[in-house]
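Build the complex: two chains, separate frames, hints provided.
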Amino acid sequence: MSKTITIDGKTIPFEEGQTIMDAAMAAGVYIPHLCHQPEFTPHGSCKLCTVKVNGRNCSACTYPAISGQEVLNDTEELINDRKKITQMLFVEGNHFCPSCEKTGNCQLQAVAYHLNMLDNHFPLFYPERDVDASHPDVMIDHNRCIFCTLCVRASHEKDGKDVFAISGRGIHKHLIVNAESGLLKDTDMAATDQAAHICPTGAILIKRTGYQVPIGQRIYDHEQIDQVSLAASGSRPVSALPPSMAVGTENIKNGK
Amino acid sequence: MYEHLETAENRDSLKRVVVDPVSRVEGHGKVTLLLDGDNKVQQARLHIVEFRGFERFIQGRPYWELPVLVQRLCGICPVSHHLAAAKAIDQLVGIDPENLPVSADKLRRLLHFGQVLQSHALHFFHLSSPDLLFGFESDISKRSVIAVLAEYPDIGVQGVKLRKYGQEVIRMVSGKRVHGTGAIAGGMNKSLTKAERDYLLEDIDQMIAWAEGSVALIKKVHCSNLPFYDEFATLRTNYLGLTKPDGALELYHGGIRAKNEHGETIIDHIDYCKYNDYIHEEVRSWSYMKFPYLLSLGQEKGWYRVGPLARVNNCDYIDTPLAEAARVEFKAHSGEAMVHSTLAFHWTRLIEALHCAESIKQLLGDPDIMGSDLVAQGEKRYEGVGVIEAPRGTLFHHYQVDENDIVTKANLIVSTTSNNMAMNESVRQVAAEYLSGRELTEPLLNNLEVAIRAYDPCLSCATHAVGKMPLQLELVDAEGKLIDKLIKHSDGQIERDNA
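Residue numbers (the working numbering), protein chains in the order written: chain L, 1 to 256; chain F, 1001 to 1499.
If we strip away everything but chain F, and leave its shape as in the complex, we get (with noise of 0.2 Å):
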């Protein structure tokens, strides 16, 4: 591995090199580089910048106001927060997910399979295809949809459409297409009219043909590059995510399944409301991003990866044929049992899209998605934990919560956080494989993005307060000089430095 690039010994005396901002990812993060006289790569970090703080300012907020709040958190995937939050608050009003009235259960999953569907197809078509089209060190003004659209018109018309249905399904069960209502404490505020899903049945078999051209398209791309696909970025990692009981992939309720680089369980079919008595979050100081890790194991092997990668991986196999099928035919094509190429992460997402699209034909021709029986409710509980697999991977709401219904402490575990120690293992394994004792121009740098893109890293949300962040505020005049600066050490104390 490549954790000797984390922290370079005589830092003063090596050439920087940033990739700032990270472009085509969620968020704000970028890449630092600290190179020797022979351009030898000596350093390499992912940074993650921004500062959000959402777990601090919710305290203080009634609990039903949650699901829509931190749903801000995110433009790409709220439905996930939004539902996270709502388990979570379900039980604050004493309803487990098998309390849940069936009609409410199958609103939130077709609202999830929209936001899972909308969110891959972005990534997938808008933000990666380009590098998987073009080439990792093409042209500059041929990595964007634009150019994708011009030079590949189908595939870019269809990804662009596929997103729309997804949001189509959020807009039919929220109210809007980003940032609805839908969900509250103990289930839902209304189901679909007849109307609504006839509308959505109307399309619906067209997004599936789609979603399993994208499927073989991009199996296309990864067989037609081995071996370069299966070890660029590739890391051999502990995987989590959530299974149902019997095994089978699941993106919106069951047991915590976590297994190591060679397929064996660690820990299977755990309730998710004892996350934290196996997994805890590791802070260093120079990024927003805490750093996960299964208990058991440690922090020095305890890190793992989620997203669609783990959970295709982890999953013993998919309820829907042709994703089973898609899910078969991958697994096949590495020969391990685990499959650890890091590009593998497209193939997996573009695999679930296609589960998500027969899910959501499935639900739209089950009545109770039209039912009347919406909402229930027990007794008030002091403290809910609600996990869902969002389209990036695990994701943990934690709250609690004290007896006038006011949020005292709340706890994110965002799945962009659980791949931090991987997004930065795979930048340094790039930086060092590919980039070091090279002369470093624009493309080359692409392929650093290429392997963080690979996560589909949602970084505004990973971010949150952790409270003994060092921070560096900076004024610059019109020329770009440096007049004065503020720098915030992680002891709290603040100095000036205005040479």
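Isolated chain L (complex conformation) (with noise of 0.2 Å):
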């Protein structure tokens, strides 16, 4: 008999070694999350996944699941606690969606659109941050940088390079590249490299390329992120978008 948790009542299957965010994946219950990615090491750093195992608050892309654990995602005062968190990552940064080239492809923007997420709620930083376009090819924004380091372990695990790193601790902890000059060009980053297509937000761009997928064809044009991921995650089928249909036939006279 395979080993089982529950999440919200429901009994969900795992496998050892899974944690509760592969197990919910993969029965396909979305659970929301910036930092995480399958393919990388877990870190646990974005903690919008929070859920309540057995009464007590983990990260359950890093926890465990073990037999008989009762899980609780999607409760209100989870989905309230996520809120408050994305509208902390809005206020810490600098991020000005009507503009951002990231718009429609931003998992930032689309979880807080998933979350219900209506204003910022705290006080703007307005911190003052960088543009690295030293790079030909790949361009930091260090405003929209949510120090998630999946560029971090992309470089470190699937790129083999260490080409970045986070630095300081709390209000001034940041994004560092590794060259003395502190400028992406010196370092041995590759518009190729995966690190340089894995920010969830705009922070890391591939230069030259922005708003050439028209509205209509952005990945959260049509579906929200919870759909998303777990279609990325093989649990649910991809939906089938004719590419060709920019603002789609269907929504032509109802304005979608």
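Bear in mind the hints are in silico, worked out from the structure with no lab data behind them. All the pointers check out, no bait thrown in.
Quick partial rundown of chain F residues pointing at chain L, CB under 7 Å, derived from the structure:
| id | residue |
| --- | --- |
| 1 | Glu1065 |
| 2 | Leu1069 |
| 3 | Lys1176 |
| 4 | Asn1189 |
| 5 | Asp1405 |
| 6 | Ile1406 |
Residues from chain L that keep clear of chain F, each with C-beta distances beyond 12 Å, as calculated:
| id | residue |
| --- | --- |
| 7 | Pro64 |
| 8 | Thr75 |
| 9 | Asn80 |
| 10 | Phe125 |
| 11 | Gly170 |
| 12 | Ile171 |
| 13 | Ala232 |
Label-pair restraints from in silico Cβ distances:
| id | chain 1 | residue 1 | chain 2 | residue 2 | range |
| --- | --- | --- | --- | --- | --- |
| 14 | F | Ser1296 | L | Pro136 | 37 to 47 Å |
| 15 | F | Val1178 | L | His222 | 12 to 22 Å |
| 16 | L | Pro127 | F | Asp1268 | 48 to 58 Å |
| 17 | L | Thr192 | F | Lys1161 | 46 to 56 Å |
| 18 | L | Ile79 | F | Lys1176 | 24 to 34 Å |
| 19 | L | Glu76 | F | Asn1099 | 50 to 60 Å |
| 20 | L | Leu124 | F | Val1178 | 19 to 29 Å |
The beta carbon of each residue, even a glycine, is placed where N, CA and C say it ideally should be.
Take a look at the structure:
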């Protein structure tokens, strides 16, 4: 008999070594997350995937599934906490969705929509952060970094390069690159590196490609992040949207 | 002219009347009048008091953000900013207008015709028609589009639907009615599908018919009030705008032409990338808006008007039949080489709306708008200039970038800035001719707003950081009592006045 946990009362099977996040995703249960990607070592830094395990708050992406756990995920209290965390991520950086080229493809924005975040709530920090456009093909806009370390892990684990690291503590935390000059152009970063494509926000970008995907064909134009995320994990079929239908015939008249 | 009313001598002894805010225009502005003991106007100014600063904060951003970022200057004509910026960044990737793929060029033109149509419809029907249909000094309850819908439902509904159609064109090409994407460096990010094209084709004949009807309406209004309509706020000025190489009316791309009040050519077919050799801007301490002028004529005489009146005055003909017939009729009404009536802005605005509707139909019948060759690329450059005829007039975007693709310098001359001098002069004329010496009432003051509205000013996009503007910050308590005042002088010094 296979081992099981329950999430919001629903019985979910898991295999030895899986985290709660792994088990949930495999069973088609979405737990909001930003710093987690199944192919990289879990980091547990964004805290968005916080769930209650037997009454205690844990990060679902790092916490191992153990038989008999009673996990709460989709509760009002947890959703509220996640919304607050997302609001804090927004106010801590400079996120201007209206002109950002990642709009429509941005996980931070998509999670905010999913959680029905309607305002900042907290006062904006307006930190002074730089843009590093020194590299010919890849750009870092530090204004949008949420310190999820996905680029750090991708560069280390997949690209074998260690281009990125996080330095400083608390409010002084920032993304650094592996060069004495501190500039991306002096690292061995390449546009083909996985680290160049992994950023969940608009902090690491391929230069000169912004806005090439029209409105209507962006990742979150037709589906929310929960559906997209589950489809990517293979637990739900990818919906077939004809790429040529930029606005979508069925939506032409109703203005969606 | 009325320059003597720009600054009065004994200002402290005069009575101050303020129209604040000027309503039914885009953005925030106010008019101040200084009156002497006999209610004679001694000073009249249009102040643009908003502060935007786009030229400054786009510095440090990558150039490909420009079309999407700067279009946020405005919610009425974002497409014009989007396309002016796109034309500038085309040059940064080595693409001049003649090398833009045919499909991309036509899609941009379609997008822009949609933009001008919806903006002109909004301006005429929603913002100005109450003045024109009910009278300049009508009761305040009648001065809105709601009253137009109640008393002239056909006109009101046609206006709303014309605007909606223009916005639908924008949505099909750029993905959203307001602030979409679409133009990228060297081309466009999508073409139209057959379904999208067919959807727009459904209503276009109706739109052309309504646009034609609106030209007939404004002609009737204008001509039944001659000579008042030819005199009110009227200025004999120079006119500037783009035209096609053969002199036809052009909204998307052409050379700069300027004519004087007699219709004589001052400059023609000028490559707009060299605009700086022909146009300079003057700064005055009391407005956030600059005052552009033609260099060859100097500050005093070189100011000019832009927008529908300038374009229809300047062009040799219009290349769509109904609008051309309307243009010929319009020019014939005055019998002069150039029409100077400020209220004729409305007439020419609707001739252009008709031209847009006709042009949209032509483009919808062109298979190139469904083409797949959408982007071209050439050698990188470090400077780009994009100029377009926005609904309100000639719009200049000028950018410089560094070797890392980051914007280092930007200059925007927006349409309303070009009309700044003219709007002030029109305000002074109306103040001197219609208000001076009379007991000022609210309906009477609406005359000033009518003059400003004729230009269709977009005040919010016309103000930029000059860096030396005086600022005044006032802290007022709930009873309206002044508690504290900070004044920044134009030399940068800050003074506190809490008396």
